[in-house]
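**Q** Taking the hints into account, I'd like the entire structure generated from these sequences.
Residues in the sequence shown are numbered from 335 upward in steps of one, following our numbering.
None of these hints come from the bench; they were simulated from the model. Just so you know, not all the hints are guaranteed correct.
As the list claims (entries may be wrong) - In silico lysine-lysine, BS3-like type, Cα no more than 30 angstroms apart, as pairs: (1) K504 to K535; (2) K386 to K532; (3) K532 to K337; (4) K448 to K504; (5) K532 to K448.
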Amino acid sequence: MDKCELEHARGLENIQNFIWDFDGTLFDTYSYTIPCFCAAVRAVGGEPDEAKVYELMMENIGAAFAWYNTEKGLDYEALRAEYHRIHRWDPVSQGGPFPYARELLRIICESGRKNFMFTHRNTDVYTLMGYWETLEYFTDIVTLADGVAPKPSPEAVELIAARNGLDKSKTAMVGDRELDILSGARAGVLTCHVTNGKPYKNCSCDFRISSLRAIYAVLGGKCV
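**A** Listed below in structure tokens is the structure:
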């Protein structure tokens, strides 16, 4: 492993509670959703820009629908309907865990630490994690189906911390987007930005790493 990458993760060994984002952080779902969105744009007569779609989806998919409507003149409802026609919701199509994700979740549990999650998904996240055998590693999960405000609101992070009695000084929100980082910072926990080799907005955070492998290594995992 690159020594620089490992150094960026130093200090995460002191974290006892990891609050994870799902899409783009633990699971590589963008590699499926972005091509689906681009195909939908073409289907309704537009010309997609994959880099722009990625940038918009780093906010949320609604932002992508809205931008192609207001900036490119595509019908919002037609684009949305076409996307949902193309996009399949089965666990295999949507993409599985990033390299080292499952191993990292396991070593966190084995070391006496805990995993939590706040995701903008609804209850489908349970099906996905069950299929990929990662659900068992989580102590508590909050989704938008629980009625919490979306990121960057700190509401869900504060809820997880309160009902699990977490020490915020030993808790980190881990995500790939500025929204994830802001939700953690506003809740008073530490923040870890995982880029997973993708372009990113240079937001303020406590840790920034390029892959989950770095956290796995700093917690004592043996990387291949």
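**Q** Report the numbers of all earlier hints that the structure fails to satisfy, in ascending order.
**A** none
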